[in-house]
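Here the protein sequences line up with chains A and B, keeping their order.
Here the working numbering is used: the first residue of the first sequence is 1, the next is one more, and so on.
Here the working numbering is used: the first residue of the second sequence is 1, the next is one more, and so on.
One should not assume that every hint holds.
Below 27 Å or equal to it, Euclidean Cα-Cα: the simulated BS3-like pairs (lysine-lysine) are [stated by the list, open to error]:
#, chain 1, residue 1, chain 2, residue 2
1, B, LYS214, B, LYS259
2, A, LYS261, A, LYS238
3, B, LYS129, A, LYS389
4, B, LYS129, A, LYS21
Because the hints were derived from the structure by calculation, they are not lab data.
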Amino acid sequence: MNTFFRRVRDAEFLPMSEVRKIKTILVMAFLSVITAVTIPFSIFFNYSTGVKIIIMALFVIAYALMIVMIRLNRLMAATQISVLYSLGLTLFYTQGTSSFYAYLFFYITLTVIIFYQELYTYISFGTIATALGVAYIIINQAELIQPDALPGTMYIFILTLVLFYFIFLVQIMYNEKLYTDMNFDWVKMNQVIDKYQDDIFLYVDEIRKQAGNELVHEDIAFQRLVAELAVFVAEQTKESGKDIINLFDLYLYIHERGLAKILANEEISVAMKKTADHLHKYVLNQRSDMISMLYNFMSRFRPTEPYRSDRYEYRLHQIATRPDEVIIALALLYQYLANEVSGADEWDQMKRILSPDDIEKLFTGNEAEDFLTPREVAIFKENRELFVKHLCRKD
Amino acid sequence: MNKNKTYMFKEIEDYREELETKHLRTKNHFVLGLLAGMMVITIIYMFVTAFDLGDTIALMIGFLIVILINIAQLAYGKENYKFLQLNKYITTVYVYVLSIVIIFLFESPVAITVLFLAYAISAFYQDLKVMTISNVLLLFSALMILLNFPEYLTFPSANTENSFGVAFFFVAFITILTVSTFIIIKQKRFFYNQIALSKETEFRNIDLLIDIQKQATSTDIDLKKYYQNVRAFCEEFSGKIGAENAFSEKLDVLFALEKNTARNKLLAKYPKYSAADLYRLEDLLVGGKHRLRKLAIKMSHTYNIDIKRREMFSETHFKSFNHQYDNFEIKLLAFVVFYAALKRGIDGIVSLDGQAIRNILTSTDYFYYIDPRVMRIYDRNSEVFETIAADILGKGEAA
């Protein structure tokens with residue numbers, strides 16, 4: 001329980017699937033309390049005992065289904081069932097009583113749907129809940145509104161519910177747009193970082209060859225260290241030390257044979273192929289997630305400049321602010337791109353240099369928007385022959 | 001184990017705050033729109049239903065004040081973002097004040113639901129402090145009405161069941177709303193964290209790439225050739241536009257900066273330039289790790305990047321040793337390989353000592369990249385890990 005609450009508190013560090021799971025569990029906990037309270041409340045509802053029992057049984061079945069879906073990691077299905085469950089509870093209350101607290105259920109259901117922050121779920125189920133709420137107010141106005149109440153009280157009831165729905169609709173739409181844009185930037189940045197690390201990996205390998213060192217995974221001391229630590233951890237969890245050694249052997253085998261050959265080998269079982277596929281992202285002989293995490297971790301211990309607000313600013317007009325400096329910066333930038341290695345060539349040698357055509361595509365293509373203003377692009381286009389004549393590689 | 005986790009890169013906190021501020025402005029615009037909409041609806045209703053004119057005008061002035069405060073703070077916020085921060089607190093308190101005024105004016109159960117709208121508006125800011133203020137005010141308002149003005153909650157269907165039901169489900173509603181807002185705020189912070197983390201990772205990887213390339217190839221940029229070519233380019237460019245070559249002196253200064261010439265010497269030699277000018281010009285250097293070089297490296301690596309729709313929100317981009325689709329043994333082995341590689345070191349990159357590794361793994365966001373069961377064992381036995389590593393790798397044996 002403590003671990004769960006700690007995870008809720010630290011949800012900002014967890015990936016989306018984890019947070020979705022936490023949300024579903026929290027909603028389930030909430031619904032279980034509401035359902036428990038519903039049993040005594042149902043005494044006052046206008047249903048026959050048989051109907052009450054059937055409905056409560058249906059809630060129990062739906063609840064069990066939610067638990068199964070979470071166990072199977074079908075979080076989207078669990079989410080949808082929980083929303084339907086809330087709507088079912090709302091209908092159970094509103095058809096069973098005309099008291100004011102039944103009206104509150106429309107807000108509760110909307111909040112459950114808001115919780116998931118899924119636009120289409122909100123538009124579909126949220127709209128249904130709001131429409132049911134409006135219908136409930138119109139049908140039960142005599143029970144909700146005092147005879148001497150303010151004129152138009154029914155409309156205020158309707159309006160506040162509809163406004164509540166719309167305020168959160170705007171919020172969810174705004175979040176959806178914001179998160180989609182941010183995610184696009186994030187994915188793009190990660191792809192670029194992968195490319196830097198592809199290059200770093202090849203240079204590191206070059207340094208290793210120059211030093212005459214063996215590959216990390218072929219280092220016997222490293223293999224012994226991994227094996228001993230793995231057995232130690234496995235034994236702490238009552239897992240079999242032998243199983244973990246077998247897994248480590250498979251891990252080393254992936255380095256030796258390559259994943260493609262293992263997957264193509266008909267003698268290897270499907271389960272082992274699946275495990276090999278999962279392990280592949282942690283290999284050490286190519287730029288993998290493991291290598292990326294190692295570089296990122298180690299970069300934490302390298303000296304870096306103090307933070308300034310333009311630390312992550314890569315647009316030329318933010319770097320060169322005066323007209324003459326823009327020309328110089330453009331010339332230096334072009335020259336760098338035309339002369340320095342920009343990645344690996346087709347033989348995995350760090351020798352690829354961009355051609356004038358490649359640079360022209362970079363300066364005038366869609367990617368340029370992130371780095372150059374239209375004015376800077378125009379300067380390049382108008383003087384392209386000068387850039388090529390003076391700044392391209394001459395060999 | 002440190003219960004309050006920090007970030008592996010402390011720069012993440014700074015940038016995340018910048019992101020918050022950047023988006024706070026847009027949220028303020030939305031809140032301003034909502035307040036204006038609420039004012040129009042409320043005032044029209046009060047006019048149509050022939051409310052006391054004095055009350056109607058007073059409420060309208062109340063709305064206008066909060067709208068004007070918002071406009072003013074948005075304007076001042078351009079100069080100092082703290083005005084935007086202040087605005088969200090002022091607006092939250094003010095919206096509740098307006099809601100309570102509406103409850104007193106309407107004296108009806110229906111007005112109570114205006115509190116929900118106040119909560120919804122303040123939830124727009126997606127801020128933990130605002131959420132706390134909002135909860136306190138909502139609770140205070142509800143208790144005040146229940147205890148001091150129960151007549152506002154008189155329903156035609158008044159009975160014990162209704163009274164208990166209203167109180168219970170009101171509390172239930174506030175609870176789920178609070179939990180929901182809390183998680184939504186945390187989710188927003190997750191996105192901001194990831195963006196900030198990627199920005200910092202990129203920055204440090206470019207630095208690493210520059211250093212490692214130099215180390216692997218034992219070569220660096222031929223600055224002399226670079227500046228000769230740029231001089232020739234600028235000469236012909238000036239001729240083409242029919243102007244005098246105004247670039248020479250600046251190129252001399254830049255070249256001197258590339259050569260690490262002392263600033264005081266440069267200031268004496270080029271009196272037209274101030275210390276601030278030199279500081280600014282340093283960004284244009286292509287040697288070292290200056291910003292123009294970083295721009296060039298980023299630009300060249302952005303070439304041919306293609307993002308597929310299915311990659312959006314895909315967890316394959318979230319690198320960790322705690323993927324849900326991996327079984328426990330894989331998570332365990334991945335962590336152990338990671339630890340062993342850090343202890344052994346990689347050619348060209350230093351190996352790390354156990355305490356440094358432990359500090360990052362247990363006290364920062366890195367903690368969440370590792371399966372909690374594995375992490376618990378490591379945390380309890382980090383000295384055993386150290387001893388095993390020292391026994392096998394030996395002191396000073398790391399690459």
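Next on the checklist: A/LYS261 and A/LYS238 were given as a pair; does the straight-line alpha-carbon distance stay at or below 27 Å?
Outcome noted: violated, 33 Å
Next on the checklist: With the threshold set at 27 Å, check whether the alpha-carbon distance from B/LYS214 to B/LYS259 stays at or below it.
Outcome noted: holds, 17 Å
Item to check | Hinted pair B/LYS129 and A/LYS21, Cα distance within 27 Å | outcome: Holds, because 25 Å separates the two Cα atoms, which is no more than 27 Å.
Checklist entry - If you draw a straight line from the CA of B/LYS129 to the CA of A/LYS389, is it 27 Å or shorter? => result violated, 60 Å
Going through the hint list in order, the structure does not satisfy hints 2, 3.
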